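Chemist: Sequence:
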Amino acid sequence: MQQPGQPAAAPDGVHRPEPGALHPATSSPSASASLTSAAAAPRLTAQRRTSLLVTLVLGGLTALPALSMDMYLPALPEVTDVLHSSAATAQLTLTACLAGMALGQLVVGPMSDKWGRRRPLLIGMVIYVVATAICAFAPTAGLLIGFRLLQGLAGSAGIVIARAVVRDLYDGIAMARFFSTLMLISGVAPIVAPLIGGQVLRFTDWRGVFVVLTVIGTLLTLVVWRWLGETLPPERRHDGGLGQTLRTMRGLLADRVFTGYMLAGGFAFAALFAYVSGSSFVIQEIYGASPQAFSLLFGLNSIGLVLTGQLNGRVLVGRVAMDKVLTVGLTIITVAAGTLLALSSGVFGTVGLAPVAASLFVLMSAMGLAMPNTNAQALMRTPHAAGSASALLGTSTFLLGAVASPLVGIAGETTAVPMAVVQLVCALAAMTCFMGLCRPWQRRTKQSVTVA
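So that you can map any letter, position 296 of the sequence shown is 296 in my numbering, and since no number is skipped, the others follow by simple counting.
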């Protein structure tokens, strides 16, 4: 008979805890697994003691998508001119990278559950460096799109395995706080990346951006090889093949609450990526800002995201229920997107850059309340399939972002309305998935009855 508080085991091998329950990352339903996990506990404790170093390494890995895309943003108008392509085609170079990062996670995540975290990560990082170097020499937009796809496929290893490592080492409130700390480090990348990209363009063309990315990727690969140890012991790895992987993922998707958090986080990211892919054209082409001014505004918005992420991790988590914080974050995102649409469509007449920039700042800042909590809440339900769960979270996030990206430029470069429409639709979808599937009010009621 299942004991109170013990995770429920499904036939597919996915263990689902009771709503709101917190389970140690090394727990197991069998006595033998508990013994082996206990033997691994001192090593995992040592990993946590070096949390600053681990945080820096994982922060670098989670910053890789921002580095790969945001450094390139100031160069998008130049790419359209040099490669004789349209704005929508130039944005497809972003979409290709994003789609690669989404699809690659479906492969790398289960691989890391089977072979451990370290080996797939190093292989992916090496391929990322090679693909990035090739992008610097792409002669046509079509080839650039192809190599950006390969770059994304390889770079996905850093994203999915970083989340899985956090799940290996932390749980519950500690995991939510660690995700917020990662947001502080990875949030530096969106601040610095456009600034670096803008400065690189002062001395060279858009190809120089990929040269700098190649150097950064090489350094990060060396850091991972030297300082990031294995966090998944052999006794906790899955030996199943493709069939077992598909059954595990099907079991995860059958968990309504997990799927709700996954989709809520994915649509929130799609709203963010609509900003990432469209803001360079809106701010530079429509409002006439320079690449350097755009980089400064982009950095300011990223600072807002980092600050709210730290507010979430250091002040709110542990004091306020994560679902309540998530509700506030999604509400603010929706209101900001609606305001931006009203400003862009002329409801308030002709407006300048300032109110538009203010709406974007509020929208981006609210992401710091939404994204860490969707990841933490989803992963808390999947302690025994962290790699596969992380892959599903990342894949849904990046695929939704990849769909949102070309929609932003579909109406051309003369209006900000498409970007605002995409952001509002994504924000409403995120709120609908959270409320309709996660049903936080229902789970709080059940928890109260259980406690009573």
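Don't read these hints as lab results, they were simulated from the structure.
Please read all numbers here as calculations on a predicted model, not as lab measurements.
Keep in mind that a hint or two might mislead.
Ranges of calculated distance between the beta carbons of each label pair, as one might list FRET restraints [unchecked claim]:
#1 I286 with V82: 46 to 56 angstroms
#2 V351 with T140: 34 to 44 angstroms
#3 G352 with L246: 46 to 56 angstroms
#4 P355 with T331: 44 to 54 angstroms
#5 G338 with T140: 20 to 30 angstroms
Even glycine gets a Cβ: it sits at the ideal position worked out from N, Cα and C.
Chemist: Compare the structure with each hint and give your call.
Modeler: For each hint, the structure was consulted:
1. A hinted range of 46 to 56 angstroms is violated for the C-beta pair I286 and V82, which are about 21 angstroms apart.
2. The given range of 34 to 44 angstroms is respected by V351 and T140, whose C-beta atoms sit roughly 38 angstroms from each other.
3. Taken as a hint, the range 46 to 56 angstroms holds for the pair G352 and L246, whose Cβ atoms sit roughly 53 angstroms apart.
4. The hint said 44 to 54 angstroms for the Cβ distance between P355 and T331, and at roughly 20 angstroms that hint is violated.
5. The given range of 20 to 30 angstroms is broken by G338 and T140, whose C-beta atoms sit roughly 40 angstroms from each other.
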